[in-house]
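**Student:** As given, the protein sequences belong to chains A and B, one line each in that order. Under my numbering, read the first sequence as residues 774 to 886, first letter to last. Under my numbering, read the second sequence as residues 271 to 386, first letter to last.
Please keep in mind that the hints were generated in silico from the structure rather than gathered at the bench. Check the hints yourself; a few may be wrong.
In the DSS-like style, the derived pairs of lysine-lysine whose C-alpha atoms are separated by at most 25 Å in a straight line are [claimed, not checked]:
id : chain 1 : residue 1 : chain 2 : residue 2
1  : A       : K844      : A       : K885
2  : B       : K279      : A       : K810
3  : B       : K341      : A       : K878
4  : A       : K878      : B       : K327
5  : B       : K279      : A       : K881
6  : A       : K815      : B       : K279
7  : A       : K815      : A       : K885
8  : A       : K881      : A       : K831
Here are the chains, one letter per residue:
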Amino acid sequence: GENVEQHPSTLSVQEGDSAVIKCTYSDSASNYFPWYKQELGKRPQLIIDIRSNVGEKKDQRIAVTLNKTAKHFSLHITETQPEDSAVYFCAARTLGSQGNLIFGKGTKLSVKP
Amino acid sequence: NAGVTQTPKFQVLKTGQSMTLQCAQDMNHNSMYWYRQDPGMGLRLIYYSASEGTTDKGEVPNGYNVSRLNKREFSLRLESAAPSQTSVYFCASSELISHTVNTEAFFGQGTRLTVV
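So that you can see chain A by itself, here it is in the shape it has in the complex (with noise of 0.2 Å):
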């Protein structure tokens, strides 16, 4: 089955500061990649996510890029803010298919002011 796993477990970085959280997925089958945000004792909520007939996918501060031959995909925040602290998750599922929703174990991310 799918495997992801997600560096680094915890990320601390200055208000204005970029951010980089990279995964790792193992089934080449995997077409769809999508990053959760999770606030503190909240639910996840999607932010962005990429399917596999594109390399890059923007949205404001948020983007995410795919290699599908490295079979890695990762997040990146620009200009950092407070409010971006929060666990941040990314996950593997192939689409068209019995396919389930396999997550890495989650980042950390906390912007200093």
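Dock chain B against chain A, hints included.
**Tutor:** The following block gives chain B in isolation, referenced to the frame of chain A:
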């Protein structure tokens, strides 16, 4: 629009007791999932149901059973609770098929379960 609703929000069980966590979604999604979240372990898939009438084991199914009662509802049962099952449980739902349909997974608010 309620989205995904889980009950209960909190529960304390004694070792050996049984209980069922309820989950319902009103988005007409085909796929539903149960995850447990433990510190440092992320979200681990317990069981999932790709569509009504089907269920499959995830990463950590031991000690759990599920029922896809209908398209809306997917329940998780602990037959004999153990302290190792102390966790926060999340139900989620999504669409599954097609490259053009929004496949975002929506989560319930979670159930904090403590087994003593």
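**Student:** Now, for every hint given, state plainly whether the structure supports it.
**Tutor:** Now the hints, each set against the structure:
1. K844/A with K885/A: 32 Å, violated
2. K279/B with K810/A: 20 Å, holds
3. K341/B with K878/A: 29 Å, violated
4. K878/A with K327/B: Holds, because 19 Å separates the two Cα atoms, which is no more than 25 Å.
5. K279/B with K881/A: With a Cα-Cα distance of about 24 Å, the restraint between K279/B and K881/A holds, given a limit of 25 Å.
6. K815/A with K279/B: 12 Å, holds
7. K815/A with K885/A: This hinted pair holds, its Cα atoms lying about 21 Å apart.
8. K881/A with K831/A: Distance of about 21 Å is within 25 Å: holds.
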